[in-house]
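Chemist: Using the hints provided, position chain B relative to the given structure of chain A.
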Amino acid sequence: MPTFNKHIQIENKPDMVPIGVEKAIIAAAAKNNRIIAVLEDMGFPGLLWFKKNAPERMMECGIAEQNAAVVAAGLAAEGFIPIINSFLFANVGRAYNQIRQSILVDRFNVKFIGREGAWGETGISHNTVEGIGSCRVLPNLVILNPADSVEAEKATEAMLQYIGPVLLRQESSPPPIKIFADDVPFDIGKAYTVKDGKDATIIATGYMLTEAIKAIDILEKDGLDVGILDICTLKPLDDEAIIKVARETGAIVTAENGSVIGGLGDGVAAVLAENLPTPMIKVGVEDEFSQSGKITPQKDDLKVHFGLRAEDIAVSVKECIAKREKLKKRK
Amino acid sequence: MAHDEKLIRDLENRANQLRNNCFTIFGSTQMGHCGGTMSIIEIITGLYFHHIKFDPKNCDWPERDRVVLSKAHCCEAIYAALVELGVYPKEMLETYYCYGSPFQGHADRWCTPGIDYSGGSLGQGLSFAVGMAYAEKLKSAITDINAGQGGFLQRYIVRYDPLYRSYCILGDGECHEGMVWEAAMFAAKYKLDNLIAIVDYNKFSLDGPTNEVMNLEPFVDKWKAFGWWVTEIDGHDIRQIVDALDLTTRLYGDYRPKCIIAHTVKGHGIPSWERDHMHLGRGEVIMKGIKEGREKYADI
Numbered sequence: 000m001p002t003f004n005k006h007i008q009i010e011n012k013p014d015m016v017p018i019g020v021e022k023a024i025i026a027a028a029a030k031n032n033r034i035i036a037v038l039e040d041m042g043f044p045g046l047l048w049f050k051k052n053a054p055e056r057m058m059e060c061g062i063a064e065q066n067a068a069v070v071a072a073g074l075a076a077e078g079f080i081p082i083i084n085s086f087l088f089a090n091v092g093r094a095y096n097q098i099r100q101s102i103l104v105d106r107f108n109v110k111f112i113g114r115e116g117a118w119g120e121t122g123i124s125h126n127t128v129e130g131i132g133s134c135r136v137l138p139n140l141v142i143l144n145p146a147d148s149v150e151a152e153k154a155t156e157a158m159l160q161y162i163g164p165v166l167l168r169q170e171s172s173p174p175p176i177k178i179f180a181d182d183v184p185f186d187i188g189k190a191y192t193v194k195d196g197k198d199a200t201i202i203a204t205g206y207m208l209t210e211a212i213k214a215i216d217i218l219e220k221d222g223l224d225v226g227i228l229d230i231c232t233l234k235p236l237d238d239e240a241i242i243k244v245a246r247e248t249g250a251i252v253t254a255e256n257g258s259v260i261g262g263l264g265d266g267v268a269a270v271l272a273e274n275l276p277t278p279m280i281k282v283g284v285e286d287e288f289s290q291s292g293k294i295t296p297q298k299d300d301l302k303v304h305f306g307l308r309a310e311d312i313a314v315s316v317k318e319c320i321a322k323r324e325k326l327k328k329r330k
Numbered sequence: 000m001a002h003d004e005k006l007i008r009d010l011e012n013r014a015n016q017l018r019n020n021c022f023t024i025f026g027s028t029q030m031g032h033c034g035g036t037m038s039i040i041e042i043i044t045g046l047y048f049h050h051i052k053f054d055p056k057n058c059d060w061p062e063r064d065r066v067v068l069s070k071a072h073c074c075e076a077i078y079a080a081l082v083e084l085g086v087y088p089k090e091m092l093e094t095y096y097c098y099g100s101p102f103q104g105h106a107d108r109w110c111t112p113g114i115d116y117s118g119g120s121l122g123q124g125l126s127f128a129v130g131m132a133y134a135e136k137l138k139s140a141i142t143d144i145n146a147g148q149g150g151f152l153q154r155y156i157v158r159y160d161p162l163y164r165s166y167c168i169l170g171d172g173e174c175h176e177g178m179v180w181e182a183a184m185f186a187a188k189y190k191l192d193n194l195i196a197i198v199d200y201n202k203f204s205l206d207g208p209t210n211e212v213m214n215l216e217p218f219v220d221k222w223k224a225f226g227w228w229v230t231e232i233d234g235h236d237i238r239q240i241v242d243a244l245d246l247t248t249r250l251y252g253d254y255r256p257k258c259i260i261a262h263t264v265k266g267h268g269i270p271s272w273e274r275d276h277m278h279l280g281r282g283e284v285i286m287k288g289i290k291e292g293r294e295k296y297a298d299i
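Keeping their order, the protein sequence lines are chains A and B. Under numbering that gives the first Met the number 0, residues 0 to 330 are what the first sequence spells out, in order. Under numbering that gives the first Met the number 0, residues 0 to 299 are what the second sequence spells out, in order.
Just chain A, same shape as in the assembly (with noise of 0.2 Å):
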């Protein structure tokens, strides 16, 4: 059995992220009468909750994202904390230049959860691949993306204490595994260690966490002690860390269910370019677009089209392996 750091208590059955989420809205909703719930006809964490409780805090928009975007900016400007919730192609995408104009600039505090990575049962529609990447390019944006239930309540939690824009990114489908205690720390900008290795580390973001970490066991049959570095906060990266394990390992493998371009594995790339060249390959999507697919623990055909599988990290983790030792014996 691989040995976890201490705040990792893994429970093999699936767990939902949206739960995390909605808890840790209801709980500030609860205390802050500035929380708004923007609904784009799409749902509400925690729609339920305010209904019944806070009625008059719930904007509904209906399917007109851009205008629902700037409304927000507005009722950011006037100190309030609006949380826009929809599909990340819609409230994000179909938003982009209004939230670059009217929010970015002026650093508003607006909150987007947007959900769904490269894959889902909608198709190529809504399975936003290209989410992060364009993203990450925006000034001024915190961009977080958890990993289970745990997680996405504390990063829901951080996300409504910081003042400033934050798109959460929640994956549903399909559903991670338990990882964390409920004690873990989390601030915004912080990676997590889930696990120390000497071999090889994997840096792995939102659903592929739970994939590194089956990839762990079928790489420790192999004999190789390979470390995990948890990603949440995908803007701004935590480049110490990143560096911390590159250094420690000297083999990185990035493992993201979205885009390699623009996305963590890219992230990673330019800090490790910049400060410690290190041999590394990035596990995500190609540069091509999703389609419907259903995962499910039988079957799981997207995940073997993109390559996001738990042998597939531990397939590239062994190249870049390869890949070091090789430049060990050049040099």
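Just so you know, not all the hints are guaranteed correct.
[To be verified] Quick list of the computed label-pair ranges, beta carbon to beta carbon:
#, chain 1, residue 1, chain 2, residue 2, range
1, A, I162, B, E93, 33 to 43 Å
2, B, Y98, A, N96, 18 to 28 Å
3, B, K287, A, I162, 46 to 56 Å
4, A, P235, B, R274, 46 to 56 Å
5, B, W109, A, P235, 17 to 27 Å
6, B, E90, A, S124, 51 to 61 Å
[Stated by the list, open to error] Straight line, CA to CA, 30 Å or less: simulated DSBU-like cross-link-like pairs of lysine-lysine:
#, chain 1, residue 1, chain 2, residue 2
7, B, K190, A, K51
8, B, K221, A, K30
9, A, K30, B, K188
10, A, K177, A, K243
Hints are computed from structural coordinates only; laboratory data are not their basis. Small disclaimer: the values here were computed from a predicted structure and weren't measured. We put the beta carbon where it would ideally sit given N, CA and C, even for glycine.
Modeler: What follows is chain B alone, placed relative to chain A:
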């Protein structure tokens, strides 16, 4: 309520002063969005020097009326007004377009106290003004809830005047943007009678006549159909402007957002700019107009 002749004459003099300030701004860089700026001079004068609650010594006053300039490329007119109000010294007019200046090329709330909205990407200002108007309703509603009195409707009973009003100045060209109409629907749905949109209908956008670029007509009927109270005025007649603005105040409580469609002329008052429907003037062209303007509106 008829406004007396003296007030109107004072405001007309103010408008001339604003024009002269704008000439200084344009002259300093030999560049500027002179056409659209000249068409809103009287509207800005009516707002800042007669109608709105604004404290030049305390630009962040929580109860100030909000002015959202959605056509933010015409921020020169507001800069001219802020200088006239004493928020900024007159010498600063010449720092327009300069690095570090509060007078940026497009209105920027972050570096220019007195500006409520950072614009530039057209069509978004109305939504922002709507957000601020909605926030005013919420602030009152939340206060009422804390007092154990209930929601939105309660506040119409307890309050006869809003904490503040939200004004939005739109260009006609930017009404081509779909989200202007999303905002219009939203404002009517939430009965934002504390919101006043003023459309600078100068009939020209960059590529040509606005209604040839994309027809807006029947413009008044469109706003009416969206559930707004609408009036049409001559946007260069100070008396009509202040009458219309003051009327919107008296109509507060009718559950309707207000729209004033101000018929204006692009480049108003400057013959060469009027003739060319000047949008962005540069070099000799703008300097020629400034010369004409300086002669016509000589310093008072």
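Chemist: With reference to the structure, classify each hint as holding or not holding.
Modeler: Hint-by-hint comparison with the structure:
1. I162/A - E93/B: 33 to 43 Å: With Cβ atoms ~36 Å apart, the hint holds.
2. Y98/B - N96/A: 18 to 28 Å: Between Y98/B and N96/A, where Cβ atoms are some 25 Å apart, the hint holds.
3. K287/B - I162/A: 46 to 56 Å: holds (49 Å)
4. P235/A - R274/B: 46 to 56 Å: With a Cβ separation near 53 Å, P235/A and R274/B satisfy 46 to 56 Å, so the hint holds.
5. W109/B - P235/A: 17 to 27 Å: Given about 20 Å between the Cβ atoms, the range holds.
6. E90/B - S124/A: 51 to 61 Å: Check passed, 55 Å falls within 51 to 61 Å.
7. K190/B - K51/A: Measuring from Cα to Cα gives roughly 23 Å; hence the hint holds.
8. K221/B - K30/A: Violated, because 42 Å separates the two Cα atoms, which is more than 30 Å.
9. K30/A - K188/B: holds (28 Å)
10. K177/A - K243/A: holds (26 Å)
Checked against the numbered hints above, the structure violates only hint 8.
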